[in-house]
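Start from chain A and add chain B according to the hints.
Number of protein chains: 2
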Amino acid sequence: MDKATSRIFTENQLWSFMSEVFIRMGASQEDAYLATDVLLEADLRGIDSHGIARLSGYVRLWEAGRINMKPQIKIVRETAAAATVDGDGGLGLVVAAHAMNIAIKKASATGVGMVSVCNSNHFGVASYHAMKAIPHHMIGMSMTNASPLVTPTLGKERMLGTNPHCWVFPAREYDPVVIDMASAAAANGKLEIAERKGTELPNGWALDADGAPSNDPSILKKGGSLLPLGSTYEMGSHKGYGMAAVADILSGVLSGGNFGPWVPPFVAFLQPPADPVGKGIGHFLTAMRIDAFRDLDEYYQGIDTWIRRFKATTPIDPAEPVLIHGELEQREYRVRKKNGIPINAKVVADMEALAEKFKITL
Amino acid sequence: MDKATSRIFTENQLWSFMSEVFIRMGASQEDAYLATDVLLEADLRGIDSHGIARLSGYVRLWEAGRINMKPQIKIVRETAAAATVDGDGGLGLVVAAHAMNIAIKKASATGVGMVSVCNSNHFGVASYHAMKAIPHHMIGMSMTNASPLVTPTLGKERMLGTNPHCWVFPAREYDPVVIDMASAAAANGKLEIAERKGTELPNGWALDADGAPSNDPSILKKGGSLLPLGSTYEMGSHKGYGMAAVADILSGVLSGGNFGPWVPPFVAFLQPPADPVGKGIGHFLTAMRIDAFRDLDEYYQGIDTWIRRFKATTPIDPAEPVLIHGELEQREYRVRKKNGIPINAKVVADMEALAEKFKITL
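Those protein sequence lines, which keep their order, are chains A and B. Read in order, the letters of the first sequence correspond to residues 1 to 362 in the working numbering. Read in order, the letters of the second sequence correspond to residues 1 to 362 in the working numbering.
Next up, chain A with everything else stripped away, as it sits in the complex (with noise of 0.2 Å):
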């Protein structure tokens, strides 16, 4: 974050103002709170591009039509372990959170839970749903497709979203293992910043029209696509379409929304496909309790011998050693925590323009 170009704001600042959009949206107080908890979370972790950043997208969805913001969510199949949730076109910040906690009320008493969800839109970030399963002592997993931007191997065209895996493993001694993945080489946020700053892309994260390699940050806007992560066949670039395919199979085909270049697209100027396979978004969520499969305090010591043995991997640079996945953010979210949350210029007019669309005080 460019400190000159960024503003500080205290989280309850930026709890107040997004609820308050939220509620002027038509939410009820409850799923405000839901909706602003899914954004504030990735800003106090310092995922910017998942954060408050996202609340004038939503908006601009809204205003077009495409949330329902008064949705009944509902199971529309279910047995002990599985369901599979309808959101009702409903705010994805809200319906994946309910989705969860159906997850884990069916690991809680089965031992594992597992929730197919149709209707929905954006989710927010893919961390914030598994790790509710912290507290309950579960594992968790979240997964959801999203507007095709990345080309399959060997294509040339946008066919799945960044579709993300993310798996979260509670710990004792140290923070829980946050692993959220996006199966492409670079999700789409990391373009617009290289586009921000006027740098070239590294090779291996996109294509343009013709299918050719690409380091120009605005391909997306000229018909271009991503890689999948891998990059290359050479380099596994089909493992990283498989990653994505599965999300968006168990999401979209086992939900019954819509899947591949058929979901609709969480920017509003573009319209969805016209002939939909299914209804909205889809996201796959799953709560596993531990002491389902092992003792708990066993599953607890070998889990942070696990972190302690990979913290200690000896690295090529001395001074960069090895990270888990979620420290990083885990750091960021102790210092905002604390400090504040910076929030980028362009963001900041984005809210002055919701405050003064909603007349609300920023």
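Just so you know, these hints were derived from the structure itself, not from any lab. We treat Cβ as the ideally placed atom computed from N, Cα and C, and that holds for glycine. None of the hints are false.
Sample of chain B residues facing chain A (criterion: CB under 8 Å; computed from the structure):
id	residue
1	T84
2	V277
3	M288
Below, chain B alone, put in the same frame as chain A:
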């Protein structure tokens, strides 16, 4: 496969030979047939690295006293949807197959079955186990940890196996989608092929002992390590490291098996660590009953549409269409079912040595 240096065997020849070897090692007929099935399926699907080529490796491990051919495979903990299995040091091929059966049984009852396995060893090709879900109209998933060869991002120490994630989705009009991904940029089998051919490795596969990029196909014998999928931090190798970590924690930490650098090596000439943190190696298997989530016909229509649409992705080169995961293997399966299975001369020599050792006719 180089035809000049290979010999064609019928499926039945390989079946008889392998099952006889397992029986001479002391396996029950049932276990011998099961282990043979796992290896033969890999050979039929063209995954030569995981078929009969591995047989002599299992024999050497057994000779070193590291495989129990009469295991008492036991459920040591369970709930309605979850279980942990102790493989009693048995053949991973057999232990994992039993564990997958338990997952399928639990999924029949509750919608989902998840089984974590400890005290096992190499389970063969991951897709074999996940594909067992198909005839039950279930989605299958399998993971395992494995001999440490891969370094985490920023490290230069072998800490993780090439730990695969495998997901299998049944289809109706098409072959199933079989996504079987090592979490390294390239699995070690690919280095062995380059070594045999005397070619250099592509960039992004391996580091030398000092942590510098290496193109030497023998680098693992010189203290080098494999790189996670993504190859460099910039291209997302922390995601490949994350995938490997997920498989390691679910297979090792959750089950009570070994994990990370403590995973005992598959090769008999390397000793297992003297300070194990658990029992044997671990696996993680999941079955999900599709109709617990969605009407079966709707699911099959959806997945067939998914496959049809992805096959029609605009390709970079019209002569090289975008592939569906598992498509190449299924094509090879049909050819080999008809024409027999070509076995590399080096592997044939191994088979002759085994025939001699066990006094079996080849």
